[in-house]
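Residue numbers (our numbering), protein chains in the order written: chain A, 1 to 263; chain B, 1 to 498; chain C, 1 to 370; chain D, 1 to 310; chain E, 1 to 276.
Careful, some of the hints might be misleading.
[To be verified] Keeping only pairs whose Cα atoms sit at most 25 Å apart, straight-line, the calculated DMTMM-like set for lysine to aspartate or glutamate is: (1) Lys166(D) / Asp295(D); (2) Lys271(E) / Asp170(A); (3) Lys147(A) / Asp111(C); (4) Lys330(B) / Asp67(D); (5) Lys108(B) / Glu52(B); (6) Lys227(A) / Asp269(E); (7) Lys108(B) / Asp79(C); (8) Lys394(B) / Asp364(C); (9) Lys187(B) / Asp267(C); (10) Lys267(E) / Glu197(A); (11) Lys271(E) / Asp201(A); (12) Lys267(E) / Glu233(A); (13) Lys73(B) / Asp61(B).
Simulated from the structure, these hints should not be mistaken for laboratory data.
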Amino acid sequence: MSMISIRDLNLSVTAGKKTTHILKDVSFDLEAGRITGVAGASGSGKTQTGLAVMGLSPTGAELSGSIDFDGVELVGMPAKQHNRLRGVQLSMVFQDPASAFHPMLTVGDQITDHLRHHQKVSKKVALAKAVEILGRTRVPHPEEAVKKYPHQFSGGQLQRIAFASAIICDPKVLIADEPTTALDVTVQAGILRLLRELCDDLDLAVLLVTHDFGVLSSVADTIVVMKNGVVVETGEREAVITAPQHEYTRSLIESLPGAEVSP
Amino acid sequence: ACGSGSDEAGGAGDTIVAETAFNLKTIDPHRQFEFTGSTIDSAIYQTALEFEDGDLTKPTDGLCSFEMSEDSKEMTLTLKDEDAKFSNGDPVTADDIAFSFERLQGIKGNPSFFLDGVKVKKVDDKTVTLTSEEPNPALPYILPNSSIGIVNSKVVKENEGTTDEKDGAEQFLNENSQGSGPYKVEKYDADSQVVLTANEHYNGPEPKYKRVVLRNVSAETQLTDIQSGQAQVAYDLNSDQAKQIDESMGKISSLPSTRSLYIFNNADEKIGGPAADPNFRKAVMAAIDYDKLIDLAGKGSQRMASLVPNEFVGAVPKDEAPERDLEKAKKLLKEAGYDGEKVPFHYSSDQAVNGVDLAQLAETLQAQLKEAGINLDLKPAPSSTQLDGFRSAKQPMGIGTWGADFPDPTNYNVFIPGGDVADRVNWSDDPKLKKLADEAAKAKGDARDAAYAKLFKATTDTAVWIPLVQPVSTVAVGSSIKKFVSNADISFDFAKAE
Amino acid sequence: MAEATTAPLGTDVASASGEADAAQRVKPPKLHPLLRFILIRIGISLILIWGVTVVTFLLTNLVPTDPVAAILGDRAAADPEIVAQTREKLGLDQPLLVQYFTYLGNLLQGDLGVSNQTRTPVLASIGQVFPASIELGIGAILISVILGLLLGLLSALKQNSLVDHAIRTLSLIGISAPTFWIATVAYFVFFFRLRVVPGAGRLDPWITPPPKVTGLYTVDSLLAGQMATFANALGHLILPSCVLALFTIGLLTRFSRSSVLDIIRLDYVTAAKAKGLPARTVVFKYIFRGALVPIITVVGLAFGSLLSGAVLTETVFAWNGLGQYAYRGATTLDLPVIMGVGLVIGIVYILVNFIVDLIYGFVDPRVRVR
Amino acid sequence: MSIGTPKQPTNTPTTEAVRRDPVDPGLKRWQIRFPKALRTPLGFVGAGILALWLIAAIFAPLLAPFDALAQNFPRLSAPNGENLLGTDTLGRDVLSRILVAARTTLPAAVFVVICSALLGSVLGAIAGYFGRAVDEIIMRIADLVFAFPTIILAMVIAAALGPGLKNAIIAILLVSWPSYARVTRSLVMTARGSEYVIAGRLLGFSAGRSLAREIAPNVISPVVVLATLDVGSAILTMAGLSFLSLGAVPPTPDWGAMISEGVSQFAAWWIAFFPGLCILTIVMAFNFIGDSLRDTLDPHTAQEVGETTS
Amino acid sequence: MTSIDQAPAAATAHSPASGAPLLELDSVACEYKLDGGGRFRAVNGVSLQLGRSEVLGLVGESGCGKSTLAKLICGLEKPADGSITFDGHPVRALGLKKRAKELLGIQMVFQNPYASLNPRRRIRDQLDDALALNPDGTWTVESLLEAVDLPADSAQRYSHSFSGGQRQRIAIARALAAGPKVLVGDEPIASLDAFLQARIARMMRDLAIDSGASMIFISHDLSVVRDIADRVAVMEAGRIVEVGSTEQIWNDPNHPYTQKLLAAIPKVDGKGFIPG
Ligand SMILES: Nc1ncnc2c1ncn2[C@@H]1O[C@H](COP(=O)(O)OP(=O)(O)OP(=O)(O)O)[C@@H](O)[C@H]1O
Ligand SMILES: Nc1ncnc2c1ncn2[C@@H]1O[C@H](COP(=O)(O)OP(=O)(O)OP(=O)(O)O)[C@@H](O)[C@H]1O
Ligand SMILES: [Mg+2]
Ligand SMILES: [Mg+2]
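Starting from the given sequences, assemble the full structure and let the hints guide the process.
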């Protein structure tokens, strides 16, 4: 059974008198222990899909269709109730680790404040947990790290910290929005490995947003291809990459440089 | 949250709050020369002579009784008020009187000129003589001035007080008054306020108000403070403001002012331009609408026929004052060959004389002269700059003010060619006036009055000085004060208020 | 997959290049960055203060008036001998440069000269009037910071709503109103007509000021335990500080609005929301803290406009502060007073902004050096 | 596929379409944006008020019911059928004086703002472009001017030069150029480091050419916006100076001076009330317009221009 | 053949011997002052040659000094050490001066397409500025736009009405219009989405080679570099650790850093293998 099942999701934003349709009848599933990769060119609605699951669609957005999370309907859920799921059951990692952290708060504070809020644990306990989780995501010297500020870390380290923050409340779903785009290839490899590991160990349902087929090919189990807010193709990783069904997917893969695409 | 109200003001008990816009440099009596300082000093210091009930024509005994020699050259002062005591309890002696006079002369301060050419001599423990080389009939009118207050010589000397320029007692005297008057200084702050408390050794009737707070506030605040009972005495209200105080709020006490307002004209053609032409000056004199000026200066203000206030000896009778005559003015202008060129007209923009705002006065004059075809180019400046320009004799035309230092016509001799002020308009020579002045100096008794009146009438006729209006000195007194004395000598007597 | 989990997770290259970073440093910094930052700020402030002395000195030398005449008064100034003596005593016969160094030397000894008008030492007078302005300024700053920040925050959080438009319009009107006029109107209405506030001045005139400790009547009266005086001083403070605050409320509202709007768009705010934190935490812990740094700077700037406003407001409320003192000095061309006030205000402004910079440096861990 | 041999660009699908600008590209950017800005409610109201004031100022001699200088009415009469806004202490018609005062205030404020914008932005551009010592000197002077509250510095300058409109203008000019210098400097510095300017330099542009051709067009509109907002503060400062009787010389009608006259005549509230209202509305108009204009700038530039023009 | 050698000085005395590299860097270093005091050597002892009609790829991870090197080549930074020679002329730091005529043959395409065009000037004006350097060239505004695959009416518009990819093509057109001998691209494709990157990179190569120019193409995306470069230089922490033909670098990397870098590139093979 899928952890999240998205059906006919539509999203439109009204600004002034103009209404733009960002998502059109998007449907796909996320399953526990599997990484679902969403690919597509810039502006195709990848991020907005992730945000819709989190209940963070932009102001003035109209959401319809259904997002079923473990039997609970997320579309139209009151904000208060949604808030209780966010950070606990549903968590998210953003593209640019440097800007996803508040520059004036310590890392320890930022990765535990939702833990303290949701599970009402003391600051001390929370920090101890933070140290443990940072160790798990392979951040060097976790005890010192919790006392440091974001600018004292490199991008790769910050992204690991962001993952720590995302899993600290044992969520069921993790949405990763281009988590490696801002990083170098060598760092990217480490993060991808971490993602795989977390997904497998914690039985997370992961939504991985990216426009890099290399990344998808490495870690995604299922691939969803989007174009202008429409899902054009969904399928198993190998099948989609080696034998794309849709013309659009094929052209995307063909446009890639070099000869990485194995025949 | 109402923290004020006249009831509470009454409840403020023995404090009297008086307000004025400060012009305060010092309250060392022998240096002070401004309104605020003399207001304070007259409450702190007693003087050798006084004016009888504030009548400026009647000098009478103060601490001393006096006798003037026949030739007006020698004055004998005899200590009369035996019980008078300084605020530290020391009795007032002839030494104190002589020291005070000598210090006034010696330190060369602004009021030193009062005793120019006078020799002070202590004769015995009760007597001091003042001897002048020239006849000095004005002396009895001079001595009541609060600048000639009697100080405790012993204490002042102990605090660097001397009778020459080395004197260093000014600051001491600002903070620790040494007078025998009803009050003494509690706190002196030249920027914001001066607080006086009763002098317990004062030998006169004990004042009802034991504390006097003299605050530095603008006229508009004074008005609201009187109206709301925040203050009991306001010195600077103009006539419009005074009108707003009704019976329930307080009373207005008006007295003829001892200050004169005039237009000066520079007699030097290079500087004065058209103003140097007597015809032009006379045209100006004829173009002014004096009734409107009286209206502006408020109830109680008077026409002036010369610079000498109407109450003084030597004043020219009011009914001889110039009148408006536009036809005449235009004719005179034609004779002067004036063709409407702009004449710079200087005045102090920040000064009000007994409630007459000089800026308003200048605007009014400009509008009136315009009707006769005279164009004034207004040149306002802060008093200090303005005074600078006037003093250096570089201003063609403008508004001048003169406050009597003592109520005697000799005080106005400075306006006659040869005098200090006449120099400032480059008016150096007029044989006719010279002759009249000599005659007046020699005149005695009633003849003196007439001789001076003749001199000043002739002066006005030259139109170098155009007398505008004698304003009225207004003191607004809050309703919580039921009885008070206010006269030309001391505009409000704190000690006698009840 | 097994491969992925068992393979050693190589250190990030980014952290490895941190070591390279150290190797590439040719000269390591000698000072702790924060210390260096503070020293630089002190240096800049000192240079500015020196500049202020030059400006005040030059400005007053522009004044086309003879200070001697003002000092001596009408009578004594007529005597050329006394005038010459005074000139010499004041050093006015010296060349400009010498005069400047004399001035500077005196300044260093805390001698700001003596007022031409009142003969009171300028430093002493400023000591008297300065606390009055500070009291007014603190009152106004408190009011405007609290109201300004809250309104700005509200307006930004409700962007484009009716509340937002109302607040924006009001704050624009707030910065458009001439302070002296508002002061007059407010005084007329609240004191003269309604009598809900006490009149002009810092205390009712018959009340003796509390013993001077700080010079702030509210504080001093509390220290002396004089509750009635405290209430009175506070009552007198309310209207002037509200009037004075009006402009800065507008200023701060507008600034905090735009500052908050900038922050709201940032990723870390979305990240905080995605963590399911309650709105209160997101707003105050994340948004507000981020917005505060630029706002602190503006509070420093606002201080300047408060001083400007004070000149005009103090006149209306007979508030015997620095503003009125400056005004009297300027209109009577009392040079030592003008120089003294200019210097003090310049220094205070520089100090305030120095402190603001320091706070900035401390609040923001990424200590920045210009 | 052999390495290093470039492929022909395949006809890849592209999500980008040429984005059509709704605005006619034949117009300069700032020209089309300003009227657009005025279409916001605030901008519209501001423009309306300003238009009314402009009409009032231009046609003041026709609109004013009486001679603004003539003292031929009863003094201090309250608003009535003849003197719609009452008369002042010298018996002059307040309405006429208010209208005539607009004729000096408005042009003077605009003039002083144009001068200080020119002076400030030229200095700022020089400081920003050339940097180093020039920058330090100019900006330290600007800092110094900033260290004195506007009105106090203006007050001292006006007092030193003597009261009068001309001197008030000089005083305001001297205190208000630094805000332009700061904004321009920082915009020029940003622009100077920006890639399009560097690209120009690589094409061999001289400093002058790159300032005039590349940088200036990007600096002008923020400066214009700042100037619009600044007209308001210039009017306020000017009124403040006249209030302290350091502004226009009487009998020239002036709002600040009228207020100060009114302050001493509390009971005659109309003398001070109406001129104050005039200042408020006209400053408001400029602030409304300036604010709407600023909203059309991009966020970074808007920040430079700041919320803090005072 | 496009040329900028109209300046007589360039055409005569300094005419380099054929076979000499077009651009030569000799142990170049560059230092930055750090905020907290001290200096940071961003480029250290770099020696490189660029031949005629050659595309050199420069790869390395973020912060290793690639952009600094590009700026050095264009004279936008002052070398702390070493020398750079272009076509026989020493490259001197530009400072505030006007750029020397003989150096105008080096042009650059920048990373950020949103900042590299003047927002307040028409595309045509910006292209004309560049064309003015090269009056004898065959390019016109229209032909340039066509070459970079943009509609001809683009010339009349302002940059804000173009997408990132389109802007980058305009920037390329501008650089080409000047008739450069060396085109330096500093991560010209980094901010474009993955599907556009390869296309723009190929376009750059084709246009540069067709117009007879050489190119230095900086990127941290190795697969794109492999696609278009003839030779590749690998940079690590301010130093060039390896230079070689693209083939050699890919098939037989010598330096461990190069090996590590190459190993980290994910393959699009659908095998689910995480690189590195
Ligand atoms: N707050 C918003 N209001 C209105 N439209 C928005 C908003 N955020 C995004 N959009 C629009 O929604 C569409 C999809 O955006 P989205 O961010 O999901 O794209 P994406 O696939 O994540 O692209 P990228 O690869 O560039 O991140 C885009 O056309 C974008 O312009
Ligand atoms: N102006 C500067 N002042 C101080 N240090 C700088 C400056 N510019 C760059 N650096 C530092 O020099 C090093 C090299 O920077 P450079 O921009 O050349 O890197 P890069 O290889 O282009 O990186 P990226 O791939 O992120 O663009 C970096 O560590 C950077 O922090
Ligand atoms: Mg996205
Ligand atoms: Mg770079």
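Here is what the structure says about each hint:
1. Lys166(D) / Asp295(D): Answer violated: Lys166(D) to Asp295(D) is near 34 Å, above 25 Å.
2. Lys271(E) / Asp170(A): violated (29 Å)
3. Lys147(A) / Asp111(C): Judged against 25 Å, a Cα distance of about 50 Å means the pair is violated.
4. Lys330(B) / Asp67(D): Holds, because 23 Å separates the two Cα atoms, which is no more than 25 Å.
5. Lys108(B) / Glu52(B): Cα-Cα ~29 Å, so violated.
6. Lys227(A) / Asp269(E): Distance ~22 Å between Lys227(A) and Asp269(E) Cα, so the pair holds.
7. Lys108(B) / Asp79(C): Answer holds: Lys108(B) to Asp79(C) is near 10 Å, not above 25 Å.
8. Lys394(B) / Asp364(C): Measuring from Cα to Cα gives roughly 62 Å; hence the hint is violated.
9. Lys187(B) / Asp267(C): Violated, at roughly 63 Å.
10. Lys267(E) / Glu197(A): Distance ~19 Å between Lys267(E) and Glu197(A) Cα, so the pair holds.
11. Lys271(E) / Asp201(A): holds (21 Å)
12. Lys267(E) / Glu233(A): holds (21 Å)
13. Lys73(B) / Asp61(B): holds (19 Å)
In this structure, the hints that do not hold are numbers 1, 2, 3, 5, 8 and 9, in rising order.
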